[in-house]
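Peer 1: Starting from the known structure of chain A, fit chain B onto it as the hints suggest.
Respectively, the protein sequence lines represent chains A and B.
Numbering of the first sequence is given in the working numbering, commencing with residue 1 and proceeding in unit increments.
Numbering of the second sequence is given in the working numbering, commencing with residue 1 and proceeding in unit increments.
Errors might be hidden in some of the hints.
[Stated by the list, open to error] Only pairs whose alpha carbons sit at most 25 Å apart, straight line, appear in this in silico DMTMM-like list of lysine to aspartate or glutamate:
1) A:Lys355 x A:Asp225
2) B:Lys355 x B:Glu38
3) B:Lys355 x B:Asp323
4) B:Lys355 x A:Glu320
5) A:Lys355 x A:Glu320
6) A:Lys355 x B:Glu3
Just so you know, the hints here were simulated from the structure itself, not pulled from any lab data.
2 protein chains.
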Amino acid sequence: MPEPAPRIAVIGGGQLARMMAQPAIALGVPLRLLAEAEGVSAAQVIPDQVVGDYRDLPTLREVTDGCAVVTFDHEHVPTEHLHALAEAGVAVRPGPEALVHAQDKGVMREAMARLGAPQPRWALVSSAEEVEAFGLPCVLKVTRGGYDGRGVWVVRTAADATDALAAARRTGVRLLAEELVPFTRELSALVVRSPSGQAAAYPVVQTTQRDGICHEVVAPAPDLDPVLAGQAQALALRVAGELGVTGVLAVELFETVVEGSPVILVNELAMRPHNTGHWSQDGAVTSQFENHLRAVLDLPLGSPAPRTPWTVMVNILGAELADVPRLYDGYPHALARDPRLRVHLYGKDLRPGRKVGHVNAYGDDLDDCLERARHAAQWFTGELGDSSE
Amino acid sequence: MPEPAPRIAVIGGGQLARMMAQPAIALGVPLRLLAEAEGVSAAQVIPDQVVGDYRDLPTLREVTDGCAVVTFDHEHVPTEHLHALAEAGVAVRPGPEALVHAQDKGVMREAMARLGAPQPRWALVSSAEEVEAFGLPCVLKVTRGGYDGRGVWVVRTAADATDALAAARRTGVRLLAEELVPFTRELSALVVRSPSGQAAAYPVVQTTQRDGICHEVVAPAPDLDPVLAGQAQALALRVAGELGVTGVLAVELFETVVEGSPVILVNELAMRPHNTGHWSQDGAVTSQFENHLRAVLDLPLGSPAPRTPWTVMVNILGAELADVPRLYDGYPHALARDPRLRVHLYGKDLRPGRKVGHVNAYGDDLDDCLERARHAAQWFTGELGDSSE
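Chain A extracted, bound-state conformation:
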């Protein structure tokens, strides 16, 4: 008697794992979670769980025991552990050879160069002299361990590079210099690929950052040149195929103008459900979370087509406030004002700069969607006043 369905191990108890739980319920696929601590976001909603350290191989072996597949809420599992799991017969999806491109920005830049993908001018640097030789101003990034704006420095003088160089030396990672791209906006091309090579491309979206954290997404990207949109999707599909990605691949892009024409340049890669795909939960036929699960199980992928002309996602980001409201107390106004609003909370308390949820607003009119989503997100954080009233 076979198991009713293959079990998927998910490493990391953040909101991405939490949001995988919803389609797992629908698909009848059991998840087993490795959570960093008791009661974290995904641990609140996935019964089969182990609490432990994702850097510890015996813990990873315990969690994946009896699982057909292992996938990830984040990209921080050591590469050598992933190889060890794969050797023990667990399907690691995405696999370590692919995932390293999302873990190490230096490896990613080298791969993009090899593939001929358009990207900013870049170099690996290890001294103030090398930074100056690269050319100022520039952006410095630690090649491993940075996220949500951490581990990134905009450098205008050689002295500005001190912090970045010290951080790289302290953590023993390489430092990447990139030209400061005068981008007109940021885009994201999100695709999902299965081990057998089937791949689905979501519409290219426009993303807006706030302090290095994804803040707002508009799907599809307004007024995007259809040729450029096609290039972005084709690029993401090619990267996914060439790197052997399984599951979601998000290719974050700069849109900029070269000799009067719009072009795209690869900014970052992510290999997991991504903030720029949260709109798909309510705006697409199949959400990125469901398609991620289908991909890592090598099941046929669902349609990534939009269900509606526009979907706007705005993150609920904790603000600096004297009186931090309780998120739940934002419901009476937010839901009554907009009966079509879709709210996704992560089971986290509000803290400044912390992503605690997001809202999706969809419809025929972009301005209306923007107004509804922005109002709701600000209301929940207390930025529009005391939401507890």
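Peer 2: This is chain B only, laid out in the frame that chain A set:
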């Protein structure tokens, strides 16, 4: 420091509780489950759980301890226990005074008569003579404890009533006789009502039964006279208000013809998310499961408007087969054939006559939706051949 959000106790570990878990994740609202046994449908997906008997008051007290609200996967909790919980300060939603109308078909018939709701001719009976006096043919129903076609008999001769009379005597419940309505079809009017009286009405749907079990739902009901649809919604809203329902109320209706005009007659009431509302998970702005949670929390309700012209729901019902397939093995074909198909499995094995899941197909063309949903449901059960290949 208040709790992040009020906790909801859910009594019963079936698929309705399982499907409440998805919007609870999105809303950031914690659920605590009372499951009949380890590993039942909802117990697979709700971490905070107690295994025990819903007929045992101490167990009910343990489950609801620390919960703001208690609601239900089924209607079988004894009325006196609900009163005891309410007296202990737990908000019981729906409350015992309302729920009794879904628990006891005799009480329901008396209430519908009091409200002047259109219904079949009926009488409470306790002997073969009373059944004959009522008039044959007729339908006999135990007033308590029947569901999915169990506890219902179509009686054409007085001798046919023997089983029904014996069942009623054995279980100590009253027996209800109803005229055999020559209905043209069955409809369902589903509304959601909050304690403060806000109420949302979903479009009236057409339902088809197979062996007394809901099998197929078309939303909205095709070619339904708009006046009759309005009457059905108004009736369901009035019943919800007059009986003080909180959460979902499904009013199952017969459509029949009287003196050349279509009319509706109340068949059954259910006070919980209902099989005739499963289409709303993919076809409406807000699903019945999310609106049920919002209602029992007295939060503003979400829009019940359809997102698409047609949604068809078909249940996956175990068939009588020599080789019972594994549901999961139906995925490769079902998902590849229809990338827009929405599948909902309940974590149950296939058994003849057992509801183990449902599929939703939505779109602009009704015939296309019907074909897609019926094909997929039959494929999963193995009725179209061996789905394990």
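Peer 1: Any hints from earlier that this structure breaks? Give me their numbers in increasing order, please.
Peer 2: 1 and 4
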